[in-house]
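Take these sequences, add in the hints, and give me the full structure.
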Amino acid sequence: MSTRTTATRCGRTSRRTSSPWRSRRRRPTRRPTPPNTTSRSTPGSTPSSRIASWCPPATSSRCPSVVRRPSRRRRRRRRCSKTSPTTSCAASAPRPRKRRRSPSAEPDHSMEPTDDALAEFVAVMRRLRAECPWKQEQTHRSLARYLLEETYETLEAIDTGDRTGDWAHLREELGDLLLQVVFHAVIAEQAGEFDLDDVARDITAKMRRRNPHVYGPDAGAPADAASVTEAWEAIKAAEKGLDKQDHRNATLGLPPGLPALLYADKVLDRLDRVGRPVAPLPPAAGADLGDRLLALVAEARQAGVDPEQALRDAVRRQL
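Counting along the sequence shown from 1, when you hit position 201 you're at 201 in UniProt numbering, and nothing is skipped either side.
Hint data in this document are derived by calculation from the structure and do not stem from the laboratory.
Don't take each hint at face value.
Here are the computed distance ranges between Cβ atoms for each label pair [to be verified]:
no., residue 1, residue 2, range
1, Glu230, Val305, 16 to 24 Å
2, Asp202, Pro255, 38 to 46 Å
3, Asp195, Pro255, 22 to 30 Å
Every residue, glycine too, gets a C-beta built ideally from N, C-alpha and C.
The structure is reproduced here in structure tokens:
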């Protein structure tokens, strides 16, 4: 390695060390001297006096004509950026900053409005269950009263629509009834028991099983309403493992909270299926009021009239 001293264009000297590891510095391109500029060299003057007219004055102690060489570390970075990134280069590259979620962002269980209205409603109920204090406290048992209330309000909307022909009220009440169904499904989903999709799959499979005249091997065969009902009850008894000929099973599966007329209608229907029909005979004089009401229910069944609805209509005619 050798050292030599050279003169710069501005008259200064610089020491340059020649090394096999350092490339030779490219000398700056010399600008041409303007034609109207004349400079005379005097004995002892340096060549820098000729370029004094175009060399800008130095604002610092360092001559602007002297170009500083970048450090070895900076040259290494430049070389790394020009070539394909290696493992060390990729490691030294700055990592992208993660976007922080704003506090007002919606949780994962929410979803934007879509064309699927039912899925959007389920998402709304999930969020309300997670963020609403009142809905967080509800259970299946605490919601039972609201389910019963909405059911009766739906029946009221049906009666109103049948009488007036305006079914807008029924649309609203069906939405409230759907609210109860989805609410119970969301509570069960949170507990890890089932969700609304499971409910839909179960009822779909049940409708396919109990309607063989549509989905069975004999689909499309002619059938009447009586044969469809008989097939439904037979398939239902087989699924539950019940002997439909045993009269003791006449009340199995019937909720005890049913209205009295509806409960009597259901029991009489099952007794009729097992071969123990109740004849709609007029009760004897002095018979119990319950026996007389039961005879009226049997008479309504024979006439194909819903006794519950018939009594409801009779009450409305008195209003």
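Against which earlier hints does the structure fall short, listed by number upward? Result: hint 2 breaks, nothing else.
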